[in-house]
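Trainee: So the chains spell out like this:
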Amino acid sequence: EPEVTQTPSHQVTQMGQEVILRCVPISNHLYFYWYRQILGQKVEFLVSFYNNEISEKSEIFDDQFSVERPDGSNFTLKIRSTKLEDSAMYFCASSVQGSHQPQHFGDGTRLSIL
Amino acid sequence: SQELEQSPQSLIVQEGKNLTINCTSSKTLYGLYWYKQKYGEGLIFLMMLQKGGEEKSHEKITAKLDEKKQQSSLHITASQPSHAGIYLCGADIGRGAQKLVFGQGTRLTINP
Numbered sequence: 014e015p016e017v018t019q020t021p022s023h024q025v026t027q028m029g030q031e032v033i034l035r036c037v038p039i040s041n042h043l044y045f046y047w048y049r050q051i052l053g054q055k056v057e058f059l060v061s062f063y064n065n066e067i068s069e070k071s072e073i074f075d076d077q078f079s080v081e082r083p084d085g086s087n088f089t090l091k092i093r094s095t096k097l098e099d100s101a102m103y104f105c106a107s108s109v110q111g112s113h114q115p116q117h118f119g120d121g122t123r124l125s126i127l
Numbered sequence: 098s099q100e101l102e103q104s105p106q107s108l109i110v111q112e113g114k115n116l117t118i119n120c121t122s123s124k125t126l127y128g129l130y131w132y133k134q135k136y137g138e139g140l141i142f143l144m145m146l147q148k149g150g151e152e153k154s155h156e157k158i159t160a161k162l163d164e165k166k167q168q169s170s171l172h173i174t175a176s177q178p179s180h181a182g183i184y185l186c187g188a189d190i191g192r193g194a195q196k197l198v199f200g201q202g203t204r205l206t207i208n209p
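As given, the protein sequences belong to chains A and B, one line each in that order.
Count along the first sequence from 1, then add 13; that gives the number in my numbering.
Count along the second sequence from 1, then add 97; that gives the number in my numbering.
Just to be clear, a hint being listed does not mean it is correct.
From the structure, some residues in chain B lie toward chain A, with a derived Cβ separation under 7 Å [claimed, not checked]:
id, residue
1, G139
2, L143
3, M145
4, E152
5, D189
Keep in mind that the hints were calculated from the coordinates and are not lab data.
Virtual Cβ for every residue (Gly too), placed ideally from N, Cα, C.
Make a model of the complete structure from these sequences and hints.
Mentor: Below you can see the structure in the form of structure tokens.
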């Protein structure tokens, strides 16, 4: 069964550094998403992406964050000038359509900022 | 903003017993999704409900969306160790919305 894959599974970075989290969505899906889950808290929406542009973003997704689909298969989340509070599990998801369709999630990247 | 509350927050049941997890929304649900999460892993899609009164089943798991579309329940019959994990409900927050809001999760432990 096709699945969303994320790399790396765990990323440790010094505060202030930039990180890039990578995702390969399911091949026939058109909508891509990033969510995060801070330890002990709810899964929170960050951004949705369709047709090579952001379609929705949350208040969390400020200028520190950016997303890109650099080629036909990868979808990346870049976090600049990382802060301690950016430590979280980051999930990528994809869906065939943008609403009223199940989103399929990857296993996540655990980001630890030191 | 739409909020989802799950109850209970944690549940310990003996293997073979039935159990129910509830998800209550502060607003009308346009789509309700149930996911299962194992510790340190991603969310596994279980079921999607859209219509008031809708009920879906997969193996021993049944999910329902009430008529008023503000509450959903997930029922597991004859629980097994493989059912252990964290169950999350997620919701479309409106027509055409492309993001999900999630409840805080229910941690299910199955004792042998």
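Trainee: State the violated hints by number, sorted upward, taking the hints as numbered earlier in the document.
Mentor: 2 and 4
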